[in-house]
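Q: Chain residues, written in single-letter form:
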Amino acid sequence: MFGRSWRDLRFPKSGPKRPKARLPHRVHSACPIGTISQMADLVWGSTSASAVPATTVRPRHSVVVRATHWIITLCFLALLVSGVEILISHPRFYWGEAGNVRTPPLFKLPIPASRATVPTGYGYVLPDQNGWSRYLHFQSAWAAVLTGLVYVVCAFFQGHFRQNLLPARADLSWRGLSTVIAQHLQRRPARPEEAWSYNVLQRLTYLLVIFVLFPLIIWTGLAMSPAIASAFPAAVAVLGGQQSARTIHFFVTVLLVLFLLVHVAMVCLTGFRNRMRAMITGRPAPDMERV
Amino acid sequence: MSRISRRKIITTGLVATAGATGLAAAAKLAQHYGLIPPDGGGLYGPGETLTYAAQRILTRHSLAREFNPSQVSQPPFANEVAPLGDTFQRLRAGAFTNWRLTVDGMIARPASFSLVELKSFPRRSQITHLACEEGWSYIGEWIGVPLSHILDVVGALPQSRYVVYRSIQPDWWESIDMADALHPQTLVAHGMNGGELPVAFGGPLRLRVPRQLGYKSVKYITRLTITDSLKRFGRGLGSAAPEGGYAWYAGI
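So the sequences go chain by chain: A and B. Following this note's numbering, the residues of the first sequence are numbered contiguously, the last one being 1095. Following this note's numbering, the residues of the second sequence are numbered contiguously, the last one being 254.
So here's chain A without its partners, still in its complex pose:
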């Protein structure tokens, strides 16, 4: 910026030119020490300046984000496997309150079933795995929901949503959005600062997953429960019935799997090791940690 000296090389403000090392440092120094950040330290450990010397680089992802990310990843995979097992006992979908093999389906999946009563066109029946699948599905759902609550509450008080996920107003313009989309379509490498923050598409996607898809899959899951339906009938009626809830549950799963695939693909494309390191240790790469 102002002529290159050894200082600029050691403390790059605008990112070094090397394509691999493009992470500017965000030294956490000027954080106002208020009650919230002190409380945050007590609850989540030292994530703010009050407990960390100013030379330490602030982690890319806070402890809460990293821990809840991996717990929910495990839960999601367990929910997915058990959900598929439950699904193949009746791979037909309906709209409304009730539906069975004697009523016309909304659509059916062209797969074999684990029940002989379902006409699939296949000459065989898959083994029944519903028992453990249902136990695992609900246990993982509990773990995911409780972990998700910890995440939402902590993230709210840490300012995670405001700082990291809420898009800036300027980025929400057509110009802002189209710039990022064009950047992706042209497969231009990410700008250096993007390793330390999310672009507007990422922010919108994460907000959609956290505040729309997750609540919707929990809601439709609960709406299928006969006991919950008895206590909260409106929660079922709004969805159009218990079979509608099951159908929506399936489509939200498809969207979440799509998100997972794109998410993992982007992690691979933008540097698998660095991104994984950042989500496990909080630091993107050792040579970026301290200079």
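Please note that the accuracy of each hint is not assured.
[What the hints assert, rightly or not] Mimicking SDA-like on lysine to any residue, the simulated pairs with C-alpha atoms at most 20 Å apart in a straight line are:
1) Lys912/A with Cys134/B
2) Lys233/B with Lys10/B
3) Lys912/A with Phe79/B
4) Lys233/B with Gly1086/A
5) Lys10/B with Lys912/A
6) Lys233/B with Leu159/B
7) Lys10/B with Gly1086/A
8) Lys10/B with Val867/A
9) Lys10/B with Pro863/A
10) Lys10/B with Cys958/A
11) Lys10/B with Ala871/A
12) Lys121/B with Pro148/B
13) Lys121/B with Thr99/B
14) Lys233/B with Gly247/B
[What the hints assert, rightly or not] Simulated DEER-style distance windows between Cβ atoms:
15) Leu159/B with Leu1059/A: 26 to 34 Å
16) Arg1077/A with Leu45/B: 29 to 37 Å
17) Gly47/B with Leu881/A: 45 to 53 Å
18) Asp173/B with Pro923/A: 43 to 51 Å
[What the hints assert, rightly or not] Below, a sample of chain B positions facing chain A; criterion: calculated Cβ distance under 7 Å:
19) Thr61
20) Glu82
21) Gly137
22) Ile141
23) Ser231
24) Gly247
It is worth saying that the hints were derived from the structure and are not from the lab. The beta carbon of each residue, even a glycine, is placed where N, CA and C say it ideally should be.
Got chain A; can you put chain B on it based on the hints?
A: The following block gives chain B in isolation, referenced to the frame of chain A:
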């Protein structure tokens, strides 16, 4: 972060102690209020206990949704059952006149009712949703005696906590807690969709528990046992379902 401060150690210690104490207290309370299901041990015990406890707190008195006659599924779907045994076929040949429902256990007046007697009891009819754990469902009208009325007639003792019910079919038995047993919509059903209960749907007698999945609505019931503990029944897991790998509580 390699730095471990004293405050961090103290905080972690306090949180861990509070957590452990809280969990122990919660388990004690849950036990006291009967919020732990009989299959609440083992690998999936925590999830089952959370589900059962949460639903018992939220749905103890809630009524299953009832539908309009126009919403009754035409035709309904009868799930397949194992081939019906000789005893059943003999009773069926006699138009079920000799079918009896025996009630025993923790009751003041052990009894055995014929179908005619059961049909003379006050009846309730309701149009409810029957959902199978597999994912399909149908809406049907069910006619029968509220189980709570039978418990009144036989004088269930105050300490009773569960009702165990058995099918004439071997190894087909289930149990429900008193919240479901005394629930006004839990029926000993002998009719369906305005007529007799068809054999395919559990006729002549089926327990109908509309706030739980279909597998709790056991077909061809012949015996009710009222008890304060499920430990002595089968492998002590509450019913045949957990012995076959399925959850005892099927409110979800």
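Q: Could you say whether the range 26 to 34 Å given as a hint is met by the Cβ separation of Leu159/B and Leu1059/A?
A: Violated: the Cβ-Cβ distance is about 53 Å, outside 26 to 34 Å.
Q: Quickly compare the C-alpha distance for Lys10/B and Lys912/A to 20 Å and report which way the hint goes.
A: violated, 55 Å
Q: Has the given pair, Lys912/A with Cys134/B, been kept, meaning a C-alpha gap of at most 20 Å?
A: holds, 18 Å
Q: Restraint: Gly137/B near chain A, CB-CB cut 7 Å. Satisfied or not?
A: Since chain A brings a Cβ to about 4 Å from Gly137/B, closer than 7 Å, the hint holds.
Q: Note whether the CB distance of Arg1077/A and Leu45/B lies within 29 to 37 Å or breaks it.
A: Holds - the Cβ-Cβ distance for Arg1077/A and Leu45/B, about 34 Å, lies within 29 to 37 Å.
Q: Under the criterion that the straight-line Cα-Cα distance not exceed 20 Å, is the pair Lys233/B, Lys10/B satisfied?
A: violated, 45 Å
Q: Please verify that hint: Ser231/B, Cβ, nearest Cβ of chain A, below 7 Å or not.
A: violated, 23 Å
Q: Does Pro863/A lie within 20 Å of Lys10/B when you go C-alpha to C-alpha?
A: holds, 18 Å
Q: Are the Cα positions of Lys10/B and Val867/A separated by 20 Å at most?
A: At roughly 14 Å apart (the allowed maximum being 20 Å), Val867/A and Lys10/B satisfy the hint.
Q: Against chain A, with CB atoms and a cut of 7 Å, does the hint on Ile141/B hold up?
A: holds, 5 Å
Q: Would the hint on Glu82/B stand, with a C-beta cut-off of 7 Å toward chain A?
A: holds, 6 Å
Q: Do Gly47/B and Leu881/A keep their Cβ atoms within the hinted range of 45 to 53 Å?
A: violated, 21 Å
The structure does not agree with the numbered hints 2, 4, 5, 15, 17, 18, 23 stated previously, though it agrees with the rest.
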